[in-house]
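Engineer: Below are the chains, spelled out letter by letter.
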Amino acid sequence: MAYYPGCSLNATGIEYNISAKAVAKHLGLELWEIPDWNCCGASAAHSTNHLLGLALPARNLAIAEKEGLDVAVPCAACFSRMKAAEMAVRQSPDMKQTINELIEMTYNATNHTRNLLDVMANAVGIETIAEKVVKPLSGLKVAAYYGCLLVRPPEIAQFDDAENPMSMDRIIEALGGTPVEWSFKVECCGAGHTTALPEAAAPMLHNIFRNAAENGADCFAVACPLCFLNLDMRQSEIKKKYSAGYNLPVFYFTELMGLAFGYAPKDLGLNKHFVNPMPLLDSKEILRHPSARREEA
Amino acid sequence: MERLELSTALSQSRQFVANLKKASQVDIRDCYQCGKCSAGCPLVSAMDYNPHQILRMLQLGQVDKVLHAKSIWVCAHCATCFARCPKEVDLPRLMEALRIEAKKRGIIKEKTVDLFSDLFLDSVQKYGRVHEMGMIAFYNLKSGQLFKDAMLAPTLLANRKISPFPHKIQGQQAVQKIFAKAKAMGGERL
Chain A
4 MAYYPGCSLN ATGIEYNISA KAVAKHLGLE LWEIPDWNCC GASAAHSTNH
54 LLGLALPARN LAIAEKEGLD VAVPCAACFS RMKAAEMAVR QSPDMKQTIN
104 ELIEMTYNAT NHTRNLLDVM ANAVGIETIA EKVVKPLSGL KVAAYYGCLL
154 VRPPEIAQFD DAENPMSMDR IIEALGGTPV EWSFKVECCG AGHTTALPEA
204 AAPMLHNIFR NAAENGADCF AVACPLCFLN LDMRQSEIKK KYSAGYNLPV
254 FYFTELMGLA FGYAPKDLGL NKHFVNPMPL LDSKEILRHP SARREEA
Chain B
-14 MERLELSTAL SQSRQFVANL KKASQVDIRD CYQCGKCSAG CPLVSAMDYN
36 PHQILRMLQL GQVDKVLHAK SIWVCAHCAT CFARCPKEVD LPRLMEALRI
86 EAKKRGIIKE KTVDLFSDLF LDSVQKYGRV HEMGMIAFYN LKSGQLFKDA
136 MLAPTLLANR KISPFPHKIQ GQQAVQKIFA KAKAMGGERL
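Chains A and B supply the protein sequences, listed in that same order.
The opening position of the first sequence corresponds to residue 4 in the working numbering, with each subsequent residue numbered one higher.
The opening position of the second sequence corresponds to residue -14 in the working numbering, with each subsequent residue numbered one higher.
One or more of the hints may lead you astray.
Listed below are the simulated DSSO-like cross-link pairs for lysine-lysine, each with C-alpha atoms no more than 27 Å apart in a straight line [said to hold, decoys possible]:
| hint | chain 1 | residue 1 | chain 2 | residue 2 |
| --- | --- | --- | --- | --- |
| 1 | B | LYS7 | A | LYS99 |
| 2 | B | LYS166 | A | LYS69 |
| 3 | B | LYS111 | A | LYS99 |
| 4 | A | LYS275 | B | LYS153 |
| 5 | A | LYS99 | B | LYS168 |
| 6 | A | LYS24 | B | LYS153 |
| 7 | A | LYS99 | B | LYS162 |
| 8 | B | LYS7 | B | LYS72 |
| 9 | B | LYS96 | A | LYS244 |
Okay, the calculated beta carbon distance ranges per label pair [stated by the list, open to error]:
| hint | chain 1 | residue 1 | chain 2 | residue 2 | range |
| --- | --- | --- | --- | --- | --- |
| 10 | B | LYS133 | A | HIS29 | 38 to 44 Å |
| 11 | A | GLY248 | B | MET136 | 19 to 25 Å |
| 12 | B | TYR17 | A | GLY142 | 47 to 53 Å |
| 13 | A | GLU217 | B | GLY20 | 24 to 30 Å |
| 14 | A | GLY128 | B | ALA(-6) | 55 to 61 Å |
| 15 | A | ASP73 | B | LYS162 | 22 to 28 Å |
| 16 | A | GLN161 | B | GLN155 | 29 to 35 Å |
| 17 | B | ALA159 | A | PRO157 | 31 to 37 Å |
| 18 | A | GLY219 | B | LYS162 | 49 to 55 Å |
| 19 | B | LYS7 | A | ALA247 | 44 to 50 Å |
| 20 | A | PRO157 | B | GLN155 | 32 to 38 Å |
Example chain B residues on the side facing chain A (calculated, C-beta under 10 Å, incomplete) [unchecked claim]:
| hint | residue |
| --- | --- |
| 21 | ALA8 |
| 22 | SER30 |
| 23 | VAL59 |
| 24 | ALA64 |
| 25 | PRO77 |
| 26 | THR97 |
| 27 | VAL98 |
| 28 | THR140 |
| 29 | HIS152 |
| 30 | VAL160 |
Bear in mind the hints are in silico, worked out from the structure with no lab data behind them.
Small disclaimer: the values here were computed from a predicted structure and weren't measured.
Even for Gly, the Cβ is constructed at its ideal location relative to N, Cα and C.
Based on the sequences and whatever the hints tell you, model everything.
Structural biologist: In structure tokens:
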């Protein structure tokens, strides 16, 4: 399968890249990184120039199509932009022609763009994931946070429910953890507004933290580098602003998979988080080897 | 309350509405003002007009008022409204089209949002990929908040989550061409 990491996975979302590659390999899923890929343009491109927002992702899709490969995309925002380009080309011969002129390549949208969460939950499959678990995430109560572009608009995302998605919850369950029921799993985290309009974004983040904590979550699982950044990097700032007492480590769902598959935390990038996840993992005895636990018992 | 000469406003906005439909695929007549979009919008408290009000204003021909609204810059395109709309009105796309047009007319009601996307795109155009650290440094410089998030930088640098150097791709020129052509093709006014 072709792999489009996107800009964040080389920078602020580096743990996602590390853990995604590790667990994919562990599951026998071969990821071929699209050579010389370019930025998808994110919201900045489509809210500035509609064609630019379609042509930038189309160039990457065209490179993967040449190899006859579907594309796995770990970032929710990149996924949304790539899928929008794919559908624009598939639905309109005129648009296809325009985009091909823009990128000076042939792109027929014969391949499919899939979110990495969809690939793991539905192509690899929950049973295969469960079979690989050697260190179950017992006692870990996780709020699966999907955010917006992973499941919306439903016409674009197409792989899970737009209001109550369950794929990440099912993966957490397969890993031996406990997905919590909570109300903010698809609320927007504020995206780039945490930088550009922090006053507007702060209450959005606070609501997400508060609702997860109120429903008993110990931590979050996410599938988007921007969601991760906002939840992990901004948490101490929001806690201070609202005098809130929660402390909720944030994990990429691939990091949780890696932990349950027996990988060491640093081999998944867990040492790079702002909210240190180690005390929580220690308290749940998740990192201790099963045999050590047996001896004590 | 202000008086609105409806027939004049509607006849004057006819062309605008037709072009808006072309740019966004949204027919503003589809909206029956149920208010579900505004009820679920996570950014409504930061908006001057609620999403359903923006649509109502368009239905009443108040084009200028809509193009001067902060709301079209505040929308984060999270698509909660679109997913829930009983009439499948693609509001994020409408907001996007309105914002593009407002910018063309030089009406920029949230300068930081505009600056953020401009700098993001500058980075993509220059290197082919976003250079996160360079973009944020420019953003702080140009928005006059020199030390915004500065306390986060040491941890990000230590963990190699940001790099002082951009990652350039070989296809930089191909990307620059895409920018130039898209710009040349997208100059149409509403």
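Engineer: Of all the hints numbered above, which does this structure not satisfy? Sort the numbers upward.
Structural biologist: No hint contradicted; all consistent.
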